[in-house]
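> This is what each chain is made of:
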Amino acid sequence: DAGVTQSPTHLIKTRGQQVTLRCSPKSGHDTVSWYQQALGQGPQFIFQYYEEEERQRGNFPDRFSGHQFPNYSSELNVNALLLGDSALYLCASSLREHYGYTFGSGTRLTVV
Amino acid sequence: DQQVKQNSPSLSVQEGRISILNCDYTNSMFDYFLWYKKYPAEGPTFLISISSIKDKNEDGRFTVFLNKSAKHLSLHIVPSQPGDSAVYFCAASAGNNNDMRFGAGTRLTVKP
Numbered sequence: 001d002a003g004v005t006q007s008p009t010h011l012i013k014t015r016g017q018q019v020t021l022r023c024s025p026k027s028g029h030d031t032v033s034w035y036q037q038a039l040g041q042g043p044q045f046i047f048q049y050y051e052e053e054e055r056q057r058g059n060f061p062d063r064f065s066g067h068q069f070p071n072y073s074s075e076l077n078v079n080a081l082l083l084g085d086s087a088l089y090l091c092a093s094s095l096r097e098h099y100g101y102t103f104g105s106g107t108r109l110t111v112v
Numbered sequence: 001d002q003q004v005k006q007n008s009p010s011l012s013v014q015e016g017r018i019s020i021l022n023c024d025y026t027n028s029m030f031d032y033f034l035w036y037k038k039y040p041a042e043g044p045t046f047l048i049s050i051s052s053i054k055d056k057n058e059d060g061r062f063t064v065f066l067n068k069s070a071k072h073l074s075l076h077i078v079p080s081q082p083g084d085s086a087v088y089f090c091a092a093s094a095g096n097n098n099d100m101r102f103g104a105g106t107r108l109t110v111k112p
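Chains as they are written, first to last, in our numbering: chain A, 1 to 112; chain B, 1 to 112.
A couple of the hints might just be wrong.
Simulated restraints, written as ranges between beta carbons of each label pair [claimed, not checked]:
1) 57/B - 96/A: 45 to 55 angstroms
2) 26/B - 110/A: 29 to 39 angstroms
3) 65/A - 16/B: 43 to 53 angstroms
Reference listing, derived: stretches of chain B covered by chain A, where coverage requires no fewer than 3 residues with Cβ under 8 angstroms from a Cβ of chain A [as the list claims (entries may be wrong)]:
4) 35–47
5) 58–64
Hints listed in this document are in silico derivations from the structure and should not be mistaken for laboratory results. Virtual Cβ for every residue (Gly too), placed ideally from N, Cα, C.
Using the sequences and the hints given, assemble the complete structure.
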């Protein structure tokens, strides 16, 4: 039974470019949350998707957007990349109304 | 807005001794608390949790204590093993499946 799968594992982009990160949730899970983890910090909540809609959002600008597909997989899009967007992006899946997330291994994004 | 704080960035203990990791929070609406463990190049993995209606939860070598009046929780690992060496994150949420807020993490090193 596959856990949470994220792709790609590593990515290098130039300032001003756009990036799309992908996440497949754990089998049976219907909710996907995205987190940004900068070096030396804890994961920061970006947003959460359930039933293909954004349900919760953290303190991130509109450059960060997402999508959830009917099969529960999700994408995170970041436009107009800044150097400060360099971080590990973690996807976590869960079952609605249940506590506890299962995390993927993350996508390491480097903006140069 | 740091709602969950782990004030010790690192902790070093001898194998066989007790490890105590601390966490403080500011949001009184938090009603569920979790500890995650993270190895390099992997996503955080769930370790143990506690509901606000309890003050202690035990699972093998791991025990979490919650002091609601002090808005403080701690994770005890006893006996500590070298394989416990990792970064430990404290997380809290308010309500089912709401976004989790993470602390900055504590790097635990267990020396043989």
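> Compare the structure with each hint and give your call.
Now for the hints, and whether the structure bears them out:
no.	hint	in the structure
1	57/B - 96/A: 45 to 55 angstroms	violated (23 angstroms)
2	26/B - 110/A: 29 to 39 angstroms	holds (33 angstroms)
3	65/A - 16/B: 43 to 53 angstroms	holds (50 angstroms)
4	35–47	holds (count 7)
5	58–64	violated (count 0)
Violation of the numbered hints given earlier is confined to hints 1 and 5; the remaining hints are satisfied by the structure.
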